[in-house]
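Kindly generate the complete structure, drawing on both the sequences and the hints.
These protein sequences, in sequence, are chains A and E. Numbering-wise (this note's numbering), the first sequence opens with residue 631 and increments by one. Numbering-wise (this note's numbering), the second sequence opens with residue 937 and increments by one.
It cannot be assumed that every hint is accurate.
Simulated DEER-style distance windows between Cβ atoms [said to hold, decoys possible]:
| id | chain 1 | residue 1 | chain 2 | residue 2 | range |
| --- | --- | --- | --- | --- | --- |
| 1 | E | 1040 | A | 878 | 41 to 51 Å |
| 2 | A | 907 | E | 946 | 36 to 46 Å |
| 3 | E | 1046 | A | 727 | 34 to 44 Å |
| 4 | A | 768 | E | 1214 | 39 to 49 Å |
Please keep in mind that the hints were generated in silico from the structure rather than gathered at the bench. Please read these numbers as outputs of a predicted model, since none were measured by experiment. In this text, a Cβ means the ideal position worked out from N, Cα and C, and glycines have one as well.
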Amino acid sequence: MKAEAKLGFVLLLTPLLLWLVLLIFIPHIDMFLVSLRERVGVGKYETSLANYLTFFREPLYLWTFLRTAVMSTVATAITLLIAFPVSYYIAKIAKGRMQSALFLLCLIPFYVSELVRTFGWMILLRETGLVSNLLQWSGLVDQPVEMLYNDAAIMVGLVYTSMLFMVVPLVTTLESLDDSVIEAGYDLGGNAFSVMREIVIPHAAPGIVSGCIVVFMLSLGNYLTPTMLGGKDSLWFTQLIYSQFIVRFNWELGAAFGFMLLFLSSVIVWGMLRLTGQTLEKTMG
Amino acid sequence: MIPTIPQPRAARIAYGAYVALFFVYLALPLTVVGVFAFNNGQFPSLPWEGFTWNWFFGDERPMIGVFHERSILRAMGTSVFVAFCVALLSVAVGLSNAFLFNRYQFRGKSLLYVVMLLPLVIPGIVLGISILVFSSTVANAAWDAAKVDIQALRPGLPLVILGQFSFIATIATLVISARLQKFDRSLEEAALNLGAGKLTAVRTITIPFLAPALIGAMVVAFLMSFENFNTTLMLVGSDAPLTIAMFDRLKEGSTPLLNAVSLLLMLGSSLLALVMILFQRRR
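Rendered as structure tokens:
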């Protein structure tokens, strides 16, 4: 019996280890090693930090990196601000059928490819698009307006694309808050503001954290939305990685960029978890 | 701010209006994509040139519909194939992982669980390039050592499948684990008492109990693979899945053909989602 259990354990452990070691662990180590290579001649390489030095010395690279980080943070904050009232409405105010219908409506757009969603925004925002036509029709402007290819358009796309990943964890945590706790808050003399600040938000903290982590990650690593809505020169860090890998074939520098992106996202995720005392198992699992 | 606490009428109306506005915002881009699939013109934008089915069924230039456009149909086939492979692989590994974490106590278990979650917090593009770098390292080593060219390790569908699997497996594991945790172990013990072998007990009792989660994980994995862009972009070879093919066309300028494809995608994925919800409600 004991040997049988042992055999079962090994059989179940093998696929997990194969997956994590061959597809996650070794590839990242290999990528790190490649990022430490410097090409000194045809087919000749030396170990050095040259690629990272290039990254820090070239203002364009560093600027793009910081810009991507800041814009992703702003996109996360906006998503949270828009999603919180809606999630609260779904979790606490809507009841019964209405509640599940609204929740389902939130999910539907995200069963559709990100490409389709972005394409929708292009149709709306471009020079010949609906918004431009609407503005002309209403007489607010007298010629077509181009609303694509700027930072605001990128922001609109990023917020739209990641909305679901904020709404779902928020609704889940808010639903678990008992109504009577909120009533007690009011009975003890609280008002809407203080009840929100001292009861609802602390209770929703795990949902807020996991929503923010996922939205931030998705924005940071997004390639499609900045490229389609912001144009080719929208300076998103993933575009630099893509062009080093696919266009210029400079894998060493591309790997260094990839590592910087991974480093940034890990630091921010870790920092957010530490700051709020959450763990990865609790927020993701 | 709950229904049992009275609020001023104006505040309630304003709140309701905000939520309504939010849903308009959610629906707007998808609606315009869908509507312009029927525009009888060369561009998916105003002016509205009248209603047509040509972008679906048209078979002569300049309006070749989806069902006569070879390259789009081929890309769709590629996507379905990739998504199916990824879904099968992810659910198989996910099921195995769920049993491992649910049934065994071992040293390093919680650490392994955290590591298992990591693919979710690695940007998709980084997953893509790391697998690209590693596979070409292996392929180059094989070439140098034995002069064999392993095609599967060059950018192409096998790598796309592995790349997507590398993070979708985590999601499948989470979905299946959640259901396995609710399973009452005594049912399995009853089967053992009645003389079933261990594998028979799992096959006849536990797996049927897990069926909704298995189907759910399958559908989610299929959809996530179908719409994946970032990881695929870095690993794709000559035959592109649908998202990549559409992206390439979109860069050159769009015709309502793309709207028609998008509308079909929307219908397809909502149908799948609906099937999944109905199936889970029946249980």
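Here is how each hint holds up against the structure:
1. Checked against the hint of 41 to 51 Å, the pair residue 1040(E) and residue 878(A) passes, with Cβ atoms roughly 48 Å apart.
2. For residue 907(A) and residue 946(E), the Cβ-Cβ distance of about 39 Å falls inside the hinted range of 36 to 46 Å, so the restraint holds.
3. Under the hint 34 to 44 Å, the C-beta atoms of residue 1046(E) and residue 727(A), about 40 Å apart, fit the expected range.
4. Between residue 768(A) and residue 1214(E) the Cβ separation comes to about 44 Å, which falls inside the hinted range of 39 to 49 Å.
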